[in-house]
Amino acid sequence: MIVEKVKIINSLGLHARPAAQLVKITTRCDCDVFISKDEMEVNAKSIMGVMMLAAEVNSEIIIKCNGPDENLCMNELKELVKNKFYEE
Amino acid sequence: MNKKIKEKILKGVPASPGIAIGTPFNYVHETLNVSRETISDHEIEAEIIKYKAALEKTKTDIVEDKKNAAKRGGQEAAKIFDAHLLIIDDQVLIDETVYFISSHNVQASYAVSKIMKDYQMAFEKLQNQYFSQRAFDIEDVCRRIIKNMSSELDHVDLSTVLKGKQIVISNNIFPSDTLNFNKDLILGIVTESGGSTSHAAILSKSLEVPAVVGVSGITKYLNNISLMIVDGYTGKIIINPKPSTFESYKKRQHEEQKQVEEDLKYSKMPSVTLDNQKIKILSNIQSTLEIDSVIKWNSDGVGLFRTEFLFESSLSVLSEDDQFRIYDEVSEKLYPREVTIRLLDIGGDKLNDKMSLKEDNPFMGVRGMRLLFDHPQLLRSHLRAILRASGRNNISIIIPFVANLSEITKTKQLIERTKKELASEGRSFNNKIKIGIMVEIPSIVMISEAVAEKVDFFSIGTNDLTQYLLAADRGNERVSNIYDSFHPAVIKMLDITVRAAKKKHIGVGLCGQMAGYPIAIPLLIGLGLRELSVTPFLVPVVKKIIRRLDSRKCRILADKCLKVSTSRSVSSLLSDFFEKNIGENPLQ
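The listed protein sequences derive, respectively, from chains A and B.
With the working numbering applied, the first sequence covers 1 to 88.
With the working numbering applied, the second sequence covers 1 to 588.
So here's chain B without its partners, still in its complex pose (with noise of 0.2 Å):
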């Protein structure tokens, strides 16, 4: 062990950006291998009251975090925890360890081990994503009761063992872990396992620590690491880095620090182009978690809050009330800013369900509003929640992935049921809530003049827009040279829909990640575009290109590229614009 090794590169996922330099901490989760001791007869009772105590001990920390969690994450990330306790209350489970321990003549933290053993491994073996998930929640839990049992597997506290701040390596970031993470501590996160909805991503990108999860292999090198670089922009993990990619690095993150203080002025100047046009810069969400990023980076509130997380991560499906709590706190936190929250848009293979049969092509299959038209009372209480939250009037509704101006009627005429529903009952909510549309598939651009009438606000969608626009898979690396979202077909799209929504007096905003390149701005704010939300980090840099920029001339800007027939020719004529009336690209 303990060799050094050579310069190494892995690769992994980019969870949250930044570049940090440092040594490594090992906070992997040993496999939990508590060895089998046996005890006499007479100490069996002492095991047993050994075992209840820890239950209890365990119950009231896991309260204890709930309550932490609901402080610090918000409601979402206390939901967690409800969960765990319904885990360490399970009377069949504590049944079954105390006899354990008595049949077998074994020790408390074996039993508890062995046990937890079985049920994992009958859970990963579960088809069904959302139950097989399960088994981390178990195991989390029985961690926790045997350190509550043990000396030896001591409750690691990170501010007490690290050697200064540390890039923090770990096989997988448990919930119960999360309060023990602290941005003075830690300098960088990687992960073995997960992905970018993973709770170690979410958890980095609140923190704005760089991370890179789903790295694997990087656990087997931890003792051969002296020095690490955590690329989270690429994903890239550098192990023993040379010299010379050291001193690049060095500087790179001398200027990205630069940079942050730069961003934080400018976080606070106005958003005004030169010729005195309001931009709004708003920010896309998936948890409670970001909403202090949203504030810090003085963003002009949330574009687009994608309510899918809430549903992949939380153990139970939520219901209306646990719904209900996150919506009104993203809208009590923001006030008064505003809040744009997008109904459910997840395809069929998300949800725990046996009537969304594995579709061949999901991305042009039962998804957003298919999906929630086929699951009414998952709709209805998503739609009770979400009005019942918007009592501050600064929450608005975006309906996603919609193709015909029936689905748009069909969802108003839920809405203006619901709110009945809620009228009748007593509750209050705001009557007249703003209802947008995403703009993704390319025919609602078509017929956008007609659409425009009957919604509040459009919500361009540029990622899916392309992709169907072009018919090129965006996840499939075999076709990411026609996916392009500098296609002059995708640029006439968003200048129709613009157009549209100015001739009919309606909002228009763009979601999608065009918002977030730098040279691509000039161009929207040419089309006409003064609504742009990206991710919360991104908000200062926009914002520092919007005052640079003259609308008069990113019109010219655009209707040139509107006459083009090239990305390449797109491509050129946007960066030569950049060049002359930016300089440098603040991202590289």
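This is chain A alone, in the form it adopts within the complex (with noise of 0.2 Å):
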């Protein structure tokens, strides 16, 4: 298992559309994604889940990936966050 911090950087948190955009790369994936912010982790399969983090900008969350894909997944997820969705 692989377990990193990232801090969500595009200006509208983790609205529909990124959270979206997220869930379409973990569901492709194998391995377990799960995401945690303050005290709450949700499943990052599920676009509702990612949504109740109503993580905004600036917030930092913590992902989890565990399974054979786990470094490509984390990798991908990363590079999202890091380009803000692709959206701005």
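Accuracy of the hints is not assured; some may be wrong.
Where chain B lies over chain A, by a calculated footprint (3+ residues, C-beta under 8 Å) [claimed, not checked]: (1) 5 to 17; (2) 35 to 46; (3) 50 to 59.
Derived from the structure by calculation, the hints contain no laboratory data.
We put the beta carbon where it would ideally sit given N, CA and C, even for glycine.
Hey, can you piece these two chains together into the complex? The hints should help.
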């Protein structure tokens, strides 16, 4: 399992469309993916779960990937967040 | 139950004007209380199949609704259903539901409602308004799934259950209800929750039926109402009216109907004064749903398209393409009429952003351009979308909430940069797009001649101008006696602004509530304004007054108003003039 802390930098945070982008990646991957923020941890393959984190700009989330393609998945997710979900 | 109660008045927020008198129709969405039924092991598979079939059916329904919404209400309405499709495709939600059915031996509808409620509760707890509002979307989607699984929770088709035309009473109106509502079926809408920008409010305005929202307690009375009155002007709901109340409202309703017929007649006549001055009467809108009203009332175009509602009502913050489709739709449907789009004017409390800390005084804090400058990506996509939609040359831009020249220069530079960017991508846009500003902060009025050299037009927002000039929060009831648009200082501000615009040969219009006050219209014409922007249904009322005015007499009136020193003197000058020259006050 790999765990990494990532900072959300797009101005609107993890609202519906970025959440959908993120879930598109996680559901394609075989590994389990969980994301936590503050006290809450959610399954990152669920858009409802991801939105429930209410992750706003500048908040930090912790991504956990566990499974055969965990490295690939983590890299893709980090890339997505770093590139502001390719929206801005 | 069913006990007849005496006349009772409830108060809510007026959402759409008009008087409705009729019987109530119960359109309350019951709290989803699907009872738990235990099923045996061998029934589990059948329940899961039923659930999956309902998912498929619901998905098809939503896709269908989305198509119809795009046709009827426009791109903006369709957007809500996009988000619902994301929710229904949530694999984790599906897995959780299937697991719940098989591990607890319960029927599918119970599992869906149970899981929905858990999510709802979790979402409602969230501090951020954008995220907590998503509870409604989950509820809407889950209701549809459950409806598609059971015969009891039938889909209510209003056209078959209403007893003639009735007043629809609901706790809340969901996006999926929209297509069920039709002007020919309902007299009015009353909801227990919601404010003036709720889905119910926008819907009723676009249908042009009287509506009052946020009437707390209304659903409790449902069984005790034999007749009710909805006053969409004041927000009053009168349950079981006394004969005298009934008669007076009946009379008002009758007058209103005559008025509407007359308004329609007026709306076809040209908007000119007795001395042949052409006055443009534009509309203030906040949604594509209002385009039809603009056309119906023969407005000269849109003087103020408030973009705030687009962002507040949409589940996703709108992307550049989403915005482009909305602006393009307004531009196309209203062509060749003009459409003036005001850049997003919201306060930090509305944006989903930790950076905008809670402000003690948000009206004087980070809002309008101040906020947009802090969010360059948002501003960039906003400007790109507007410019991309400007190809028909009927769109112009208003810069909101500016206090000094540098904010204007900065915005103009950003617009120029965006144009270059679009040009390099080979996209078409109006290179000469007109750029104006909202005149709503007194400092801008004091330097209006200098500002007029930098912009193509002024749009005066009297509501904010009054509030900032008199230091009286317009939402604070305790200072409502101070907040007064007829204060001579406000009139002087208008005079200075109009003179500066004329001197520098730029356009000037007024889009505040003042343009909709009948008695103020002669004054505005007298001050030299030739463009007024009002709510669409007020267009004929304004036109009717204008057709009875002589602009030279109005000028004399304005000069008198500029010489007095109290609002009371201004009011009495205006009332006297109105009585002599127009006669009865068309808005009572």
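So, going through the hints one by one against the coordinates:
1. 5 to 17: Since three or more residues must qualify, the claim that chain B covers the stretch 5 to 17 of chain A holds, with 7 doing so at under 8 Å.
2. 35 to 46: Check passed, 3 qualifying residues.
3. 50 to 59: Held - the stretch 50 to 59 of chain A has 7 residues with a Cβ nearer than 8 Å to chain B, which meets the minimum of three.
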